[in-house]
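There are 2 protein chains.
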Amino acid sequence: MIEPVDLLQKFSLFSEAWHPKIAGELNDSYVKLARLKGEFVWHHHENEDELFLVVKGTLTIKLRGRDLTIREGQFVIIPKGVEHLPVAEEEVLVLLLEPKSTLNTGNVQNERTVEADWI
Amino acid sequence: MIEPVDLLQKFSLFSEAWHPKIAGELNDSYVKLARLKGEFVWHHHENEDELFLVVKGTLTIKLRGRDLTIREGQFVIIPKGVEHLPVAEEEVLVLLLEPKSTLNTGNVQNERTVEADWI
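Chains as they are written, first to last, in our numbering: chain R, 1 to 119; chain D, 1 to 119.
Warning: the hint list may mix true and false statements.
Since the list can't tell identical chains apart, any single copy or any two copies may satisfy a pair.
[Stated by the list, open to error] With a straight-line Cα cutoff of 30 Å, these simulated DSS-like cross-link-like pairs (lysine-lysine) come out:
| id | residue 1 | residue 2 |
| --- | --- | --- |
| 1 | K62 | K37 |
| 2 | K21 | K56 |
| 3 | K10 | K100 |
| 4 | K37 | K21 |
| 5 | K80 | K37 |
| 6 | K21 | K100 |
| 7 | K10 | K62 |
| 8 | K62 | K80 |
| 9 | K80 | K21 |
| 10 | K37 | K100 |
None of these hints come from the bench; they were simulated from the model.
So here's chain R without its partners, still in its complex pose (with noise of 0.2 Å):
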């Protein structure tokens, strides 16, 4: 079915925090939408570019010797190969945007490793 989705509507629809949720898909990538809170762990993508659309709130996106501020309206892609931290001070809803293919803590498995469902 072809339909609008609702990205407000689909956020009230979880509340954990890094636990992104599949709300479509295009060509061989997913959209993705996130509620992130606190410090993710370093990680980077060995294959994939990353869209980070920030919905509501301010992401801070720490690189190795610098950091993106990320605001309401405003995206960021990180580039495969560059290691990367999300930090939210306060929550952040963030659609994102990457390949099928893409883990969500990049070259890393542990106890923040998640599988995305559909919501």
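Using the hints provided, position chain D relative to the given structure of chain R.
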């Protein structure tokens, strides 16, 4: 350079309707920004799914047999092969995500066909 992109700031840099601008690239896709006003042309994309995220305004996408209404904060994915006609009664600002190979008019080439430039 890895830098945040502010959607509304980018939209402020151009005013023409139906001339998508490239605001980012990831994997084999472009993130494009477009102002839509009025009616486009019926077309489909042979090999590419296409995402429309409405940043401002209300977009109608006519399909053969029914109309979709996509409001601010909503997205829709039009799968490859599906004929569609975007219509914007009032001006609409959209973020598009589509493979780099995508032509704006899909299978149709006419005076509405344009190459996207970076912004």
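Against the structure, the hints:
For the homomeric pair K62 and K37, the shortest alpha-carbon distance inside one copy (15 Å) is at most 30 Å, but the shortest distance between copies (39 Å) is not. When the C-alpha separation of K21 and K56 is checked against a cutoff of 30 Å, the pair qualifies both within a copy, at 16 Å, and between copies, at 24 Å. In the homo-oligomer, the alpha carbons of K10 and K100 lie at most 30 Å apart both inside one protomer (20 Å) and across protomers (28 Å), since each shortest distance falls under that limit. With identical chains, the CA atoms of K37 and K21 are at most 30 Å apart within one copy only, with a shortest distance of 15 Å there and 33 Å across copies.
In the homo-oligomer, the alpha carbons of K80 and K37 lie at most 30 Å apart inside one protomer (23 Å), although the nearest pairing across protomers, at 36 Å, exceeds that limit. For the identical chains of this complex, K21 and K100 are neighbours both inside a copy (12 Å) and across copies (26 Å), given an alpha-carbon limit of 30 Å. In this homomeric assembly, K10 and K62 come within 30 Å of each other (Cα to Cα) both inside a single copy, at 27 Å, and across copies, at 24 Å. Only within a single protomer do K62 and K80 lie at most 30 Å apart by alpha-carbon distance; the minimum there is 15 Å, versus 37 Å between protomers.
In this homomeric assembly, K80 and K21 come within 30 Å of each other (Cα to Cα) both inside a single copy, at 21 Å, and across copies, at 23 Å. In this assembly of identical chains, the alpha carbons of K37 and K100 lie at most 30 Å apart only when taken from the same copy (23 Å versus 33 Å across copies).
Of the numbered hints stated above, none is contradicted by the structure.
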